[in-house]
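**Student:** Each chain is listed here by its residues.
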Amino acid sequence: MSWPQASRLLNAGDMGGRPLTIITTANQPVSLLNYRVITAAVAGEKKFLLPSYGQYSLGLAIPEGKNCFGFSVEYGGSSLLSQTLVHLAYARSLGEKLGLALQFNYQSLSLPGIYGKASAIYARLGGAIQLTQQLKMAFHITDPFKNLAVKNGETIHSGDYSAGFGYQPSEKMYAGLLVKKQELQDPQVIVDLLYDPVSSLRVNGQLDLTNGSAGIGLHWKQKNIQFGLMVAIHPQLGISPVSILQFQSMKNKLP
Amino acid sequence: MRKIILLVSAMILRVEVFAQEIPVNLQQQLEDQAERSAERLEDDAWLQQMETFSRHKLNINRADADDLRRLGILNELQLRSFLSYRKLLGEFISLYELQAVPGWDAALLRKLFPFLTVTTVISNREQLFSRLRKGDHQLLLRSSMDLKRSKGFIPDSAGRAYSGSPQHLFFRLRYQYNDLLQWGISGEKDAGEPFFKKSNRLGFDHYSFHFFLRKMGVIRSLALGDFTVNMGQGLIQWQSMAFKRSADVMNCKRQSEIIRPYNSSGEFYFNRGAAVTLNRRKWSLTGFASFRKLDANRYPDSLSGGYFVNSFQTSGYHRTDTENENRKALQQFFYGGNLTYENGAWRSGVNAVAYLFSLPFKRSGDAYDRFAIEGKTWSNFSMDMAYTWKNLHWFAEMAMDARLNRALLSGCLISLDRKADLSVLWRNISAGYQTINGNAFTESGFPTNEKGIYLGLTFRPRTDWRIDVYADVYSFPWLRYRVNAPSYGRDLLIQVVYTPDKLTEIYGRSRFRQKQMNRGDGNYYSTLSVPQQNFRLHISRKISNDITIRQRMEYVHYDKKGSDAQQGFLFFVDLLYRPSLKPLNLSCRWQYFESTGYDAAVYAYENDVLYSFSIPGLSGKGKRYYVLAGYELDRKTSCWFRLAATVYEGVDHIGDSNDRIMGNKRLDYHFQLRFLF
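Protein chains in written order, with the working numbering: chain A, 137 to 391; chain B, 402 to 1078.
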C-alpha cells in the first residue's frame, strides 16, 4: 500500500538540519531536533492540478530542552480515493554530534467499491550525525526490528530507507543530497538548495535526479509567521502547486 | 605518575588487541574477494600476523623490508621510500617523524601506528633456546552453529543424513616469540562432520601442526609441518591471502615472504612438509617439499581400469558418504625452490615448482576445458624481478608451464607527484598456460587464458580528500566455463574519500563491470555483454571516545540483456562501542537488503570474533542483525560472543539442497575463548 508521490518539495533541507517547514518532519522526524520553539504549520497541495487530488497537512513541533515532540496529520484525495496519515514523533539530542528520533505512524488508504479500506501502523527510526561544523548527515529506516504493518502474513506498507547529507557553507545557504529507497522500487536521488537573499525571504529549489521532477519555492517571513508558495513540475504528470503557512511561538530565526 | 601512564597505555594496548579492527581498505578488499568467489575465506594467517604486530610492535629502526612487507599495508614504493629515508637520515626518534617520509601521508600513518614503535629493541640474534622459552602461549577455542537445522541434518527416506553434529568446532594452541619463532597445533570440525566417531575417530576432521623460525643465522625462515609458498607475482604459486582489483588501486603487486606459516582452519590451500630459506649477503635460496593427501573428484577409468581425477575438492567438507568417498583420494608430492638476488633497488629471482600425483588428471570433453592439466605430473617455472628507480617501481614475472605455455605479467608503481600515484599492470597469459596453485592479479581465479591492462590512479588534491580510480580492460582468447566464445570485459571504479578529521570518514563509489557470457535463450554459440553497476555511500563517524556509528547504502544493477534485469540494495547502520579503559566491547548492526537475483546479491563486511570475519552474500529481501560482544575476563582470558539473524520476507525456506532451512529465519552464533599463558 503506498500513496503516489508527485512532488518531493516537502523534504527540502531535512538532511542538513535546516528543514523548510515543520510539515517536512512527517518523513524525516530527526529534523525535529532543529526546532527550538513551538512551531505549527498548515499546507495544501493540488497534485497535478487535478480537482480530486488535493493533499492537506498539519504539523506541530513542541521542543523541550534536548527533546522535541512532533505531531502531524495528512489527508489526501477525495471520496473516490483517499489517504490519511498520522505521525507521532519523539526526537532527542544526544550531545553535539548525535541525535535520534522515533516515530509511530498510522496510515489508512481508502478506495471504496474496488479495494475497500486498509490501514497500517509502522515505526520509523532516524539518526542525525554532525560530521563537521558545516556538514551533517541523517538517515531514516522503517520498522527496524519487526515489520509492524503485516496482516495475515502480507505486508500492507512498504518500508523506506533514506540517507543523505546537508551542507551549510553559510547562514544564508544550504545544499542537500538525499538518497531514498522504497522497498521494491528504484532508489531516488534528490538534491536541493535553500538560499536566503534577505533575512525575510527564502528561495528553495529541488531536483529529483531519477525521474527529472523539479520544484521551486518562495517563502516570506514576517515576524513569527512564514508563508510559502512552491511549484513542483513532473515531466509526465505536470504541475503541483503547494502553499504553506507556518507559525512560531516567538520571534526567532528561521530554523 | 609514570606508573599510571604506563598502566593506562598498557590497558589501551590490551583493548586494541582485544577488539581487532581491520582497516577500511582491507574490509573493502575482502568484500570484493567475497563477491568474486563463493569459497569461504578461511586463511586467517594475516589476521594473526596483524594481531602479533599489535602486541609486539615493529621497531621502525630495526625492521627490514620483509618485516614491513608482512604488515601488508605498504606498497613497494612506500617501503623503498622509507628504507631510503632511514638510510639517509639515520634512526628515527619518534613515530611522528614518519610524516616526513616521502609518499607517506596522514591516512597511511593512521593505519600503521597501531603496529609500529621506536622504543622496543629486539635482537635478531637471540638463541633458539631463549626463543623457545620466552614467548607466549595462546589457546583459542571456537564454536559456532546455525541454530536452525538444515535439510542435511534431517534423515531422508533412506535414513541418510550428515554424520555429525551441527556445531563447527575449532581449537588452536600457538606459541609465539615475537615474530621470530612460532609453533602451533590446530584442529577443526565443520558442521555436520563427526567428532570422535565414524570417520573421525581421532576427534577433529582436520589437524594442523606448524613450526616456524625466522632470522636465525643464515636461516631467514624455516618451516616444518604446514606452510604456504608464495612466489613472484603469483603466476606459478601463491597460497596465502592475496587480493585482486579493489579500491586500494595501488595494491596490484603481490608481496610476501616465500614461505609463511600456516595454522588456519582451511583444509586445502597449504603444504605439509618442510621448507627453508637461507640467506647469505645478497642471495637467498629457498627449497621446500610437501606430501599431502587431497580431496579430489575421482572417477573410474574404463580404459586403464584404474581411476582418474578431474578436479580438486577444496571445501574441506566430510559430512556425507559422497564427500567421504573423495576424501584423501589423491596423493600429492610437491617440491620446488627459489633463488633470489637482492641488491637494494634491484631484486630478481628464479622459481620452480613441481607436482607428482598418485592418479592422473583427465580433462573433460568440453571445449573450454581443452587446455586443462592432464597426467600425473605438473611443473611451472618462472623468473621474477623488480627494480626501484627514484619514484618508480617496476616489477614483472615471466612464467612457463610443463607444456611450455607462457605467461607474462609486468607492472609499475609510480609516484607522479606528492598528490598523485599511478599503477599500471599488464598481463598476457596464453590460453594453454596452467597452474595448480597460481593466483595472480588477474580477472580469472587462476592465471590462464587472459590478456589485459590495468591502470590505477590515486589523487589527493587536499589532505582531507582522496580520489581512487581504476580501469581494467581484459580479454579471454579462449572459451571459459559458461562462455562459449572468446570474450572480453572491463571494470571501472571511482571512489571519492573525504576524511575531514581523524574521527570521520565518508566515501562514495561507483563501479562499472561488463563481462560477456552465454545468451540465456538457448543460443549457446554467441555471447552477450552483461553490465553490472554498483553505487555505494559509506559514512563512519566516531561520535565520542567510545562510540562509532557507521552507515552504508549500496545499490547494484545487473542487466543481462534479453533476460530480466536484477537489482540489489543494501542499507545498514552499525553501532560500535569500544571504551578504552573497560574490558568490554560491543558491535551491532541493523541491515536491510533487497536483491532480485543472485547476480545482484549484496555483500558487506561484518565484524566477528577475534581472527574471524563474515561477509555473507545476501539475495532476496529481508533484514539482518548481529550483535558481537567481547569481554576480557582478566589479563589472560578473553571471550567473544556473536549472534546473527537474517529474516527473509515472502519465503518459506532458505537455501537449497542439503543447506535448505525451512522457514524464513536463519540464526547463528559464534563463541570464542582465548587464554594467554
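FYI, nobody ran anything at the bench for these hints, they're computed from the structure. A hint or two may mislead.
As the list claims (entries may be wrong) - Chain A stretches covered by chain B per the calculated footprint, using a threshold of three residues with CB under 8 angstroms from any CB of chain B:
(1) 267 to 277
(2) 314 to 328
Claimed, not checked - Computed list of lysine-lysine pairs in DSS-like fashion (alpha-carbon distance at most 27 angstroms, straight line):
(3) A:Lys233 <-> B:Lys512
(4) A:Lys233 <-> B:Lys694
(5) B:Lys791 <-> B:Lys694
To be verified - Looking from chain A toward chain B, a few residues come up when the C-beta cut is under 7 angstroms (computed):
(6) Lys233
(7) Leu234
(8) Gly249
(9) Tyr251
(10) Ala299
Values in this document were obtained by computation on a predicted structure and should not be read as measured data. Ideal Cβ positions, reconstructed from N, Cα and C, are used throughout, including at glycine.
**Student:** Take the hints in turn and mark each one as holding or not.
**Tutor:** Each hint, compared with the structure:
With 6 residues having a beta carbon nearer than 8 angstroms to a beta carbon of chain B, the segment 267 to 277 of chain A meets the requirement of three or more and the stated coverage holds. Under the rule that three or more residues need a Cβ within less than 8 angstroms of chain B, the assignment of the segment 314 to 328 of chain A holds, with 6 such residues. For the proposed pair Lys233 of chain A and Lys512 of chain B, the alpha carbon gap of about 24 angstroms is at most 27 angstroms, so the pair holds. Simply put, Lys233 of chain A and Lys694 of chain B have alpha-carbon atoms about 58 angstroms apart, too far for the 27 angstroms limit, and the pair is violated.
This hinted pair does not check out: Lys791 of chain B and Lys694 of chain B have alpha carbons roughly 48 angstroms apart, beyond 27 angstroms. At a threshold of 7 angstroms, the smallest CB-CB gap from Lys233 of chain A to chain B is about 4 angstroms, leaving the interface hint in force. A cut of 7 angstroms between beta carbons decides the hint on Leu234 of chain A: the least distance to chain B is about 5 angstroms, and the hint holds. Because the closest C-beta pair between Gly249 of chain A and chain B is about 29 angstroms apart, greater than 7 angstroms, the hint is violated.
Among the interface hints, the one on Tyr251 of chain A is violated; its C-beta lies about 21 angstroms from the nearest C-beta in chain B, farther than the 7 angstroms criterion. Here the hint on Ala299 of chain A is kept, as its CB sits about 5 angstroms from the closest CB of chain B, short of 7 angstroms.
Hints 4, 5, 8, 9, counting from the list given before, are not met by this structure.
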